[in-house]
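When you get a sec, could you build the whole thing from the sequences and use the hints?
Line by line, the protein sequences give chains A, B, C and D. Mapping to this note's numbering: the first sequence position 20 is 77, numbers consecutive. Mapping to this note's numbering: the second sequence position 91 is 104, numbers consecutive. Mapping to this note's numbering: the third sequence position 258 is 505, numbers consecutive. Mapping to this note's numbering: the fourth sequence position 303 is 456, numbers consecutive.
Keep in mind the hints are simulated off the structure, nothing from the lab. There may be inaccurate statements among the hints.
[Said to hold, decoys possible] Below are the BS3-like pairs computed for lysine-lysine, each with C-alpha atoms no more than 30 Å apart in a straight line:
no. : chain 1 : residue 1 : chain 2 : residue 2
1   : D       : Lys458    : C       : Lys336
2   : B       : Lys238    : B       : Lys216
3   : C       : Lys336    : D       : Lys460
[To be verified] Facing chain D, from chain A, some residues (calculated, C-beta under 10 Å):
no. : residue
4   : Ser111
5   : Gln134
6   : Ile135
7   : Ile161
8   : Arg212
9   : Ala228
10  : Gly229
11  : Pro232
12  : Thr233
13  : Leu235
14  : Ala236
15  : Ala261
16  : Ile293
Using N, Cα and C, we set each Cβ at its ideal position, and we do this for glycine too.
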Amino acid sequence: MRVSKAILSVKGVSKRFGGLVAVSNLSFDVAEHEMVGIIGPNGSGKTTMMNMISGVFKPTEGRISLRGQLISDLPAQIISRSGVGRTFQLVRLLPGLTVLENVIAGAVYGHRRRWGSDAEGFAHDMLERVGIDAMSYSPISSLTYIDQKRVELARTLAGEPEVLLLDEWLAGLNPTELATGIKLIHALRDEGITVVLVEHVMDAIRSLCDRCVVISSGAKIAEGAPDEVLSDSEVIRAYLGDDDA
Amino acid sequence: MIRRSVLALASAVILATTSAFAEGVIKLGAISPKTGPLAGGAVVTQWPNIQLWVEQVNAVGGLNVGGEMMTIDLIEYDDKTNPGEHIKLAQRLATQDKVDFVVAPYGTGFNIASAPIYGKFGYPMIAVSAITDKVDELTGRYPNLFFTLGTTTAFVEGVKSILMEQRDAGAIGNEIAMVNVADAFGIELADKARELFTAEGFKIVYDKSYPLGTPDLSPVMKGAKDSGAKAFIAWSYPPDSFGLAEQAIIEDLDVNVYYSAVATSFPAFSNAFGSKINNVLGAGGTNVDDPKIAEYREAHLKITGKVADYWASANTYAALQILEQAIVGAATLDREVVTQYIKDNTFDTVMGDLNFKNNFSNTFWSVGQWQDGVFRGVKGSNVDGAVDVRLKDGWK
Amino acid sequence: MIDILISGLLLSGTYALVAMGLNLQYGVARIMNLANGEVLVLGALAAFWLYTTSQVSPLLTVILVIPVSFTGNWIIYRFLLTPLVKRSKTQGALEVDSILATFGLSFIIIGIIVSIEGGFFAYKYLSEPIRILGSTTSLNRLLAFLVAALIGVALYLWLNFSRPGVAVRAVAVSTEASGLVGINVPRVSAIAFALGGTITAVGGALISTFITLDASMGVVFTLKALIIVIMGGVGEIRGSIIAAGILGVVETGVATLVDPGLTLASAYLIFVLILLFRPQGLFGKHTT
Amino acid sequence: MKRSNWQELIWAAVITILAAFWPMLANGYWLGIGVDVMMYVALATSWVLFSGPTHYISLASAAFFGVGGFIVGTGMSDYGTSFWSMLALSAVVGAILAALIGLATLRLSGVYFVIFTLGLAEMIRNLVSWVQNNFLGSRGLYVLTDFSDEHLFWMLLVTSCSIYLVGWIISRSRLGFAMRIIGGNETVARHVGINTSMAKVILFTTTGLFGAIVGAIIAPRWSYIEPNQVFSPQLSFFVVIMALLGGSGRLWGPVVGVIPFLLIWNWVDANFPNQSILVLGLAFLLIVYALPNGFVGRIEDLHNKMKRHS
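And the structure:
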């Protein structure tokens, strides 16, 4: 499903921490309604890349733009408001708030600044969308791991992102949960959200992604349809003995 | 909230009834720091003298108030050197403990802060440790407030007259090195000194302040030394008066006039430095040759176990003597009558005969000097026994 | 210039004595000890009291102070602070609790000091001028500096080259991980706390030979110590020593060249600037 | 800080009205305690505005309080200005100062923030002393007014109420919700689109503004302003301690912390005049050990228990 117009565009991006090069000269585009996977061995710079898109870090070099607008020099909150939502590798919820409030948090400060009953209603919709509306008023501490992930996803969706970044959203789930999770992302994809996901679960990548960007040691080594790149010899070499692919 | 006021009422009633039983007793309230930055000074000049006076009075059976012997019941509080705390405790003394009389607080700020409360209840306040140039304005506002220690200007004048004498004698030139501690007390004195000294043609070649709690005064002393002035004046407070003297010794400050303000007259000052601080000038003083002072100092040592300091101690004791004589003289515990008595009469105290004009006693020492182990008054107003100023000659 | 450097460095010695103990207590035992300054004043009181009543040399007092303050601080940690450590679930909660508890403790110590001596601890010991490279200073300050240097070096060597020292450093880095590798965390914390308190008390005894203290001056030292520890980086003895050095030299420099009235202000300004540009302190590891 | 509801506001209004009658019921000592209570309620509530939701412990209260007192003192003593104009000036200066501190502290967290605010307050105290010494040429700052304790009590009550009301409105606003999110996780806050810096600076500015107002109102009570006393770091510690003792999770936390704390304090003062500081320390430890989550925690526990039983 190749769509011509790139919504998110990463051009020649590098990130150095002191002497360490985490990402080097990486470029790729994400088209509207497309689901792109970023894969690569541990420590290859995937999460750093996500952090640069969402504004946790600024790239040392290169530019990231959203619908042609440069976003890589903006602070995280502006990037978020301009339509980039994300989840975190290790779930980050707000323990002092209820499930519903956690999701409302996503609705209030996004580009559609909802407030009051509007925000509340919308948050309920999002919780229903991820399938845990029944737990709206539970404390965060009572949730299972997958439910925590769902809350986080609901919160991100509540911001109505145009581009959704999922950072190892499926990691750490048991087989049943994994199936539920994949189904959920499928549903999002069917709704036409643009998604960039970092993932290790290859089955999920095969079934979800339109296209994959493979990085190793911070640099892009392959790009293309999942089946194509996963059989690429260089990709296999990068993964060998390194991961569970 | 309502319940609390009922409680307050109840306790007030209980207090009222107990005070009805307590006849033959004069309740005396005293609030001063036992902790906090000013405690170090208060435990030297304030608390021991209150103790001394109360014990002496009670030892002879109390005060004769119109034929009835009344002993002193002392109620004391620690204000922790905190003005808010002090005000609250003053209110407690007046409205809960319902004391008959009070000892004026320690420190200028505390006297002024508590004056409205004590004034409201008509307590005469014979302020000792308060030095201000606003005497008229304050006593106009608080007619119960009396000042015995002098004014800021008088203190500066005392030092100024020494400087002028020594300049005339050729011991010092026109140049003065002056420092002050950057708190209300030091700033006020330094400001006045700047005005009065320059008016007499002195040049303040080194004029710096240092913050309260400066751990190392050696740069200050080095700066003063480098200025080459033969007179060093420090408007200092207790810990720094010690620190400055130590640095002067270390740097071997070559001056003929060395003055530091508060705490110079403390026995601890001489204990710490011995003969090295011989001929150091300091704030205040007493006439140590006066037999009354000698007797007082002996009693102070005997009863409190501490050597009295050579300045504010005797003043504090004198203020209590004034209160004592006013109560006995007025033959009543009626505060209004006693206050009026203080205004109208002359009192025989360890500091000599004291009386108040517009609530201000113009009898006080302003400058003293350590001379061979004794701190003697050298300048004062209406005082006898001032000795000649000696020149500082090294720090041996 | 030499004057500034020498006076400044000697003052740094004082500051290092004040801060090293707190750093151990906060860096290792995770106790933000607001009673640090009061412990220092206790040490000073011991030196003053023994000197004025029985002519005991403050140097001897320093040696006497070591076992007493070690035991005292160990007891404080064991019985007063351990319950707080146990009940707090997060570092933040422990910080709040230890601020509250040690603030109360500081009042108790002040009360004890006042009941022994409410006035100034005024005495002089080794108040003799000495010339170093043409600059005059006093023997007692030099002595305090030397002891501070000795303690600093000994502490550094102990922490880096001895088994228990390495355990202490491990606990400073992570209490959980240290527990996992078999370090007795409560014991190491107690030792670090007691050792920190001992250094502070020894510092107090030495400082009292040249600074006139009284019961309520502890807070001044606590503030300085907190500033130095944070400036140098939590858990970093090296950082504390260097921060103490910077403060000492800056304060003396400003007092000499600019205005003594600005000494403390400039010290705090340096602190503020360092934290603005290195929010984790000079040597602190950045944690997010 | 949790979101406040209407019921709470009504309770607050009722208590305020009752409190307003305090000067008629109590005078002298108890009125004085009332003034003290109001002063610390105001300071601690304004502290909780910022520190409650963010969990940032600020030790800068004395800086704002001192600025207020000092401005009133200097203005009235040296320049003969009116109290009210200086009160207004204090509020402005306090707010500006707090905004600057807020901007400076954005990158700091945890203990670094705590000590930074302490250091900054000390720096301001020393700078103010120096400026007074060298440029203002003051002869002691006398603040002589005709205000009695009643007046000060009501002024502080109005201040406390304003702070509470501001806090209440904020807690129900997008800003208040943002602060709760920031307190939970700052990275998340940024990623849901919150301008965390702006939110923190606004809240901190409010704290500074009210702190300076309280300092200005107290100045007439102290009559004589000494920089070292109005800028006393102890005040900052007391504010934090009373707020934490009450519980910083609720806007009304400080009220239930300040009142018992000051009552215990006064009881100790009155009954142990020679060792008040020692007994105070002991009382303090007792409270810390007996009330791990402050009074609010205790009250909410009891409330929950009662609910369960009924």
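Cross-check of the supplied hints:
1. For the suggested pair D/Lys458 and C/Lys336, the alpha carbons sit about 23 Å apart, so the restraint of at most 30 Å is met.
2. A threshold of 30 Å between alpha carbons decides the hint, and for B/Lys238 with B/Lys216 the separation of about 15 Å falls inside it, so the pair holds.
3. A hinted pair counts as satisfied when its Cα atoms are at most 30 Å apart, and C/Lys336 with D/Lys460 qualifies at roughly 27 Å.
4. The beta carbon of A/Ser111 comes within 6 Å of a beta carbon in chain D, closer than 10 Å, and the hint placing it at the interface holds.
5. Residue-level restraint check for A/Gln134 holds (minimum Cβ-Cβ distance to chain D is 5 Å; threshold 10 Å).
6. With 10 Å as the threshold, the beta carbon of A/Ile135 comes within range of chain D, its nearest partner Cβ sitting at about 8 Å, so the hint holds.
7. The beta carbon of A/Ile161 is positioned within 10 Å of a beta carbon in chain D (closest approach about 8 Å), and the interface hint is therefore held.
8. Because the beta carbon of A/Arg212 sits about 7 Å from the nearest beta carbon in chain D, less than 10 Å, this interface hint is met.
9. For A/Ala228, the interface hint is violated, since its Cβ never comes within 10 Å of a Cβ in chain D; the closest pair sits about 18 Å apart.
10. Annotation: A/Gly229 was flagged as interfacial toward chain D, and the flag is violated, the nearest CB pair being 19 Å apart, outside 10 Å.
11. For A/Pro232, the shortest C-beta to C-beta distance to chain D is roughly 29 Å, which exceeds 10 Å, and the interface hint is violated.
12. Here the hint on A/Thr233 is broken, as its CB sits about 28 Å from the closest CB of chain D, past 10 Å.
13. Hint on A/Leu235 is violated. Least Cβ distance to chain D is approximately 25 Å, over the 10 Å limit.
14. Because the smallest distance between the Cβ of A/Ala236 and any Cβ of chain D comes to about 28 Å, over 10 Å, the interface hint for this residue is violated.
15. A least Cβ separation of about 23 Å between A/Ala261 and chain D goes past the 10 Å threshold, and the interface hint is therefore violated.
16. A least Cβ separation of about 35 Å between A/Ile293 and chain D goes past the 10 Å threshold, and the interface hint is therefore violated.
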